[in-house]
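Number of protein chains: 2
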Amino acid sequence: MFKRRLFTPGPTPVPEKIMLKMSEPIIHHRNPEFKEIFAELNSNIKYLFQTEHNVYTLTSSGTGAMESAVANVIGESEKAIFVNGGKFGQRWGQLIKTFRGIPLEIKKEWGEPPTVDEIIELIRQNPDVKAVYLTHSETSTGTVTDVKEIAKAVHQISDALIVVDGITSIGAIELRMDAWDLDIVLTGSQKGLMIPPGLAFIAVSERAWQKINKTENRTFYFSLKKAQMALESGDTPWTPAITLVIGANEALKLIKAEGLENIWNRHQRLAEGIRIGVKALGLNLMSKNPSNAITAVFIPEGIEFKKFNDALKYEFGITVAGGQEQYKGKLFRISHLGYYDELDMVTMISALEFALKKAGYKFQFSSGVNAIQNYFLMNL
Amino acid sequence: MFKRRLFTPGPTPVPEKIMLKMSEPIIHHRNPEFKEIFAELNSNIKYLFQTEHNVYTLTSSGTGAMESAVANVIGESEKAIFVNGGKFGQRWGQLIKTFRGIPLEIKKEWGEPPTVDEIIELIRQNPDVKAVYLTHSETSTGTVTDVKEIAKAVHQISDALIVVDGITSIGAIELRMDAWDLDIVLTGSQKGLMIPPGLAFIAVSERAWQKINKTENRTFYFSLKKAQMALESGDTPWTPAITLVIGANEALKLIKAEGLENIWNRHQRLAEGIRIGVKALGLNLMSKNPSNAITAVFIPEGIEFKKFNDALKYEFGITVAGGQEQYKGKLFRISHLGYYDELDMVTMISALEFALKKAGYKFQFSSGVNAIQNYFLMNL
Chain B
1 MFKRRLFTPG PTPVPEKIML KMSEPIIHHR NPEFKEIFAE LNSNIKYLFQ
51 TEHNVYTLTS SGTGAMESAV ANVIGESEKA IFVNGGKFGQ RWGQLIKTFR
101 GIPLEIKKEW GEPPTVDEII ELIRQNPDVK AVYLTHSETS TGTVTDVKEI
151 AKAVHQISDA LIVVDGITSI GAIELRMDAW DLDIVLTGSQ KGLMIPPGLA
201 FIAVSERAWQ KINKTENRTF YFSLKKAQMA LESGDTPWTP AITLVIGANE
251 ALKLIKAEGL ENIWNRHQRL AEGIRIGVKA LGLNLMSKNP SNAITAVFIP
301 EGIEFKKFND ALKYEFGITV AGGQEQYKGK LFRISHLGYY DELDMVTMIS
351 ALEFALKKAG YKFQFSSGVN AIQNYFLMNL
Chain S
1 MFKRRLFTPG PTPVPEKIML KMSEPIIHHR NPEFKEIFAE LNSNIKYLFQ
51 TEHNVYTLTS SGTGAMESAV ANVIGESEKA IFVNGGKFGQ RWGQLIKTFR
101 GIPLEIKKEW GEPPTVDEII ELIRQNPDVK AVYLTHSETS TGTVTDVKEI
151 AKAVHQISDA LIVVDGITSI GAIELRMDAW DLDIVLTGSQ KGLMIPPGLA
201 FIAVSERAWQ KINKTENRTF YFSLKKAQMA LESGDTPWTP AITLVIGANE
251 ALKLIKAEGL ENIWNRHQRL AEGIRIGVKA LGLNLMSKNP SNAITAVFIP
301 EGIEFKKFND ALKYEFGITV AGGQEQYKGK LFRISHLGYY DELDMVTMIS
351 ALEFALKKAG YKFQFSSGVN AIQNYFLMNL
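As they're listed, the protein sequences go chains B and S. Residue numbers are given in this note's numbering: position 229 of the first sequence equals residue 229, and the series is strictly consecutive. Residue numbers are given in this note's numbering: position 106 of the second sequence equals residue 106, and the series is strictly consecutive.
Okay, chain B solo, but in the shape it has when bound (with noise of 0.2 Å):
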């Protein structure tokens, strides 16, 4: 026997039963039973991103939805702001610059967020910035953007609008589309939504719309104003992955019935109890300021990733993510993002001991897992 366990952010672990319904026979997407289940997600959708805007569902990976954020807002020379202090934060960068954007960077450490100030400042001297790409929560560092106070500080001196990449943050990190006046946001399924990749969710405000309608760029698959038009007829201008969706409007029954408050606080307890669990290990996160979806932590010192990697996938069936970049095999990433709870991280910070004492390092065996147990008995 050899059991699995994933902790990586995205793909996230799928409810069993979320599994065997996406398992039924297949359905015509122009059927009215398949309608309605979209109608369905259609609503839901709205509640995850607390917003009373449209949601667009797009079939592709949450850098699909990424371009579709680009190509419909950014024309030839205009300018917009992005933040290059990961991978992700570099992709808005590489994409203003395909479609012909100007790209101004704000150039970060990795695992440092972008601050209120850097990004005014940079306006103030750009004033003709059409919009300002953040990412939530960046996944190769685990690290989280204060986007409601940027996007505060944003709107009171320009028009740029605020788009959010919230593929993992979506479902475990507080967002407020509405009340935090963003102007775009989206997801992707495999993360905070639980269910296998393959969709992308891409959130538009009134005044996104605005700069849309008079944006000319070149983008067909990804058109937003193609997706609006179907939408008002209840559906997708292509054919939509089926089962998949049929996937999203489970997950997201599932989520309404937890309500968003609590799966953030979830996360924020499992998220804590593993930084716990960590540190008390002697290990060093790698964020400024952790996200409470994924934890990068550094290989201590003398430690061979390859190693620790290799006892915690062959011999404990577990996968994290490691490094990316210039970080590979520096350091480690842990999930907790989707469908986890304590025991999950109990389980994780159990296994991670296992696997540092195969890879020789030195510490008192037993001490993380301590450290997260009285951590949720104190807060369970």
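Just so you know, these hints were derived from the structure itself, not from any lab. Among the clues, some could well be false.
One copy or two, it doesn't matter: identical chains are merged, so the pair holds either way.
To be verified - Here are the simulated EDC-like pairs of lysine to aspartate or glutamate, each with C-alpha atoms no more than 16 Å apart in a straight line:
| id | residue 1 | residue 2 |
| --- | --- | --- |
| 1 | K3 | E24 |
| 2 | K3 | E33 |
| 3 | K21 | E33 |
| 4 | K148 | D117 |
| 5 | K152 | D178 |
| 6 | K214 | D159 |
| 7 | K313 | E33 |
| 8 | K148 | E118 |
Small disclaimer: the values here were computed from a predicted structure and weren't measured.
Given the structure of chain B, go ahead and fit chain S onto it with the hints provided.
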């Protein structure tokens, strides 16, 4: 009890064992276990396309692969031919325009394929044409285009690429990418591949790569260069629709076991059976060159489409496709593409007779079923 049966050209029915395979606990796309599956898929998909060239897996509908085949190939103000003789042929024209190419239209009555001469003539008038965009099996009309002869003739006089939408043809109708010297061929997952929608596949020849490497356009998510770079390490550039990749791999094993020529012959037999059954009922086919993947049939004079289709759908549980655009309400389309056998076709003709009867059509009851039964008896 109310049984449902799907006879639509995407989604097509998914074999039960594939649905169950896809509902197994999700695995991570950077895990060796998934990489092995993806490597197997990448090898077997070449068999399906009858090519030695690389085939790239995109997480999107077939339209995404069409966008990829235009955005990576056609630069600003470059000429490309497309055939306006059905909804999906038109889509090529829209895409060429979106990416700022110059679309050269060959206009046909819906149901009529383009001739070799028409295309050669247009290329002679425009020797700088960069590509000819074809629809092998036009789903809106059930019409086949002779891409083999067109490719042969075009390559003799021009460097133009032959790009083939094989969305409802691959895995149903004979298509040999390499032997026919096709440059780009693409398909979707919910057709001859028999799995749910959400994946598309695009194969690219050496000749096409020479053009792609010289082309500058605005594309990121659907960039073939990024897809090729990722494939070199057995990967996709963005998170793929993992469960669908697993399903596609299972489907390709079934396809290999049956054998492509057997599959093409089966589709030929099923399509011919449907055509014989439909004609025996006094109905008329729309297409001048009918596809073995889908049969478009005119609603008989005096019969109301809605009455007929409601009976089919709500009394007999059968979903067929209706007409599109100007043919809405004027025809219905029976798919025999994918996971179907002879008895499914008899079932379809039987239900058709019941629904026509309910809608008030006058005909000799059972004549369709007799005709298809006799055809299969002679051709088993």
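Going down the list of hints, with the structure as the test:
1. In this homomeric assembly, K3 and E24 come within 16 Å of each other (Cα to Cα) only across copies, at 13 Å, whereas the closest approach inside a single copy is 26 Å.
2. In the homo-oligomer, the alpha carbons of K3 and E33 lie at most 16 Å apart only across protomers (14 Å), although the nearest pairing inside one protomer, at 37 Å, exceeds that limit.
3. For a Cα distance limit of 16 Å, the shortest separation of K21 from E33 inside one copy, 14 Å, qualifies, whereas the shortest one across copies, 24 Å, does not.
4. With identical chains, the CA atoms of K148 and D117 are at most 16 Å apart within one copy only, with a shortest distance of 14 Å there and 62 Å across copies.
5. In this homomeric assembly, K152 and D178 come within 16 Å of each other (Cα to Cα) only inside a single copy, at 12 Å, whereas the closest approach across copies is 58 Å.
6. In this assembly of identical chains, the alpha carbons of K214 and D159 lie at most 16 Å apart only when taken from the same copy (14 Å versus 38 Å across copies).
7. In this homomeric assembly, K313 and E33 come within 16 Å of each other (Cα to Cα) only across copies, at 12 Å, whereas the closest approach inside a single copy is 42 Å.
8. In the homo-oligomer, the alpha carbons of K148 and E118 lie at most 16 Å apart inside one protomer (15 Å), although the nearest pairing across protomers, at 59 Å, exceeds that limit.
Every hint, counting from the list given before, is met by this structure.
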